[in-house]
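For this one, chain Y is given, so just place chain S on it according to the hints.
Taken in sequence, the protein lines are chains Y and S. Residue 457 is where the first sequence starts when you use our numbering, and the numbers rise one by one after that. Residue 8 is where the second sequence starts when you use our numbering, and the numbers rise one by one after that.
Derived by calculation from the structure, the hints in this document are not laboratory data. A virtual CB, placed ideally from N, CA and C, is assigned to each residue, including glycine. Treat the hints with care, as some may be off.
Computed from the model, here is a short list of chain Y residues facing chain S with C-beta under 7 Å [said to hold, decoys possible]:
#1 G469
#2 V527
#3 L616
#4 V620
Residues per chain, in single letters:
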Amino acid sequence: MSWNRRQFMLVAGIATGTGIGAWVQRRPGRALEPALVRPPGARSEAEFLATCIRCGQCVTACPFDSIKLAVGVQFGVSNGSPYVDTRETPCYLCQGRDRLECIAVCPTSALQPVADDRSIRMGLAAIDESKCLAYNGTVCRSCWHACPFPNEAIRFDNRLRPVVDMSTCIGCGLCDHACPTDPTSIPVRPNVALSTGSRT
Amino acid sequence: MSAKPRLFRWVYARRLVATVFVLLLLFGRFDWFPWFKGATTATLVAHWIPLVDPLAGADVLLASRQIDTALVMGMVILLAFAVLYGPVFCGWVCPLGLVLDINQSLRRFLMRGTRVRRIPVSSSSAQWRYAILGITLGLTITLRLPIFQTVSPINLLAWAIVHGAFAGIIVVGALALLEWAFPRFWCRVVCPLGALYSLVGRWGLLRVRINPTEAGKTPCRQCTLHCPMGVRVMEDYSLAHRLSVDHPECTRCGDCVDACPRPVLRLGIKRCHQWYIQGTKSHHDCELMDVMETETGDGASAISQESGLVQLKLQVPKSRTIHKPLDKGDVPGL
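Next up, chain Y with everything else stripped away, as it sits in the complex (with noise of 0.2 Å):
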């Protein structure tokens, strides 16, 4: 067998994975399920999903083991990236250290350097008024108390309620942590729907 027959091989490869992309692409329908809050840096869904090669070097790199690797088919084609699970662990913003761990080790372009911890936009705290123990009746201020930015990214209206403000959260998730309702009240959304990515 010649190297001919591997060369046409592997262009014909190359010619039906494109093809084969090209109709699965054309298809209706399709997002970025799961959506998942990730790591601080992170570019758009789409664009971090194509840059992430996967190596968990944010992983094993977090002091605080906030980021952990997503493996298993629930995680569809996320399996292999890494998430924050806000509720279990937020992002602490690698408190005492000078640098984000995770945006140092990356390998590649998928977690971009931040100006300062301002700028991150990991994902977006949003209040379940429903549950929130302060929209019915309790004193309650713990996502207040965690938020790195009080009276910033969470401040109270005139009735001592709790309100997100969207241009401020970073979506570190402290707030999600606190909560003391179960389930939470002020989940983490992924920034998905930020995302200007072609396929969201």
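Below, chain S alone, put in the same frame as chain Y:
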């Protein structure tokens, strides 16, 4: 007939290297071991040397449609190694290769004496590896996802080792089970990473060298039977008067060398790379120079005389000749 017991075998060296790699991956998860971080796709060695799996890097470059200098630098190191020495990663480093290799040894041990027929996966089916490589690259281009990296059993195994994500072990286990019926199915027929390494490593200097004066004296076929990639070492190379096993699927694992009961095969470095050969010296001359060196201890002077070929001819049995015109298709660079 099995190989005679020997103190040194390439299989020990090979498995030691692969085990060290697995241990490095395993230690990499701990903070007290900062010298090796990452999985099989990309690693950072000693804080500053980035190593990027060429296929994973190519996938990311194609999916993101951007040139990432740091990524390319990491790929170049491994690519350069593969160009120089051939697809050594497959035989010596790949953690999945280690698992499947031990799986085969286990199978051979448990099935000993029962004369279970090997269901052959002929080496010509290796062409599917190149088709699968092409398909994954094509899918990556259009879907903008490094699709092979999300499903690769090599990565699944590495994630299990590094991060304790054992979901992927099911796939690796199923593969190991499948290989009891189809020996080395993944490496021979599927693995696109192996195909890429074979493509770039076709002129690699590390080869299984054949001693022409010993070849064919006792055609026991142990080399062919032991080749994990299904290369017909005896039929196509040793009996065909070739000087080295130039099969693209050869991973330099050394199993044929271990199996050979006579000093016919050895794992060695060729003298000159195809890329360095100047117009005066042909590929075949280069090979001859190496052979002469092992025969006489002075290859350069032997080949410098025009009579180099003649000298060698005198040493081999009369019925055979070294200077057989080589099959153009199969020998790289001819």
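| task | Determine which of the earlier numbered hints do not hold for this structure and return their numbers in increasing order. | result | 3 and 4
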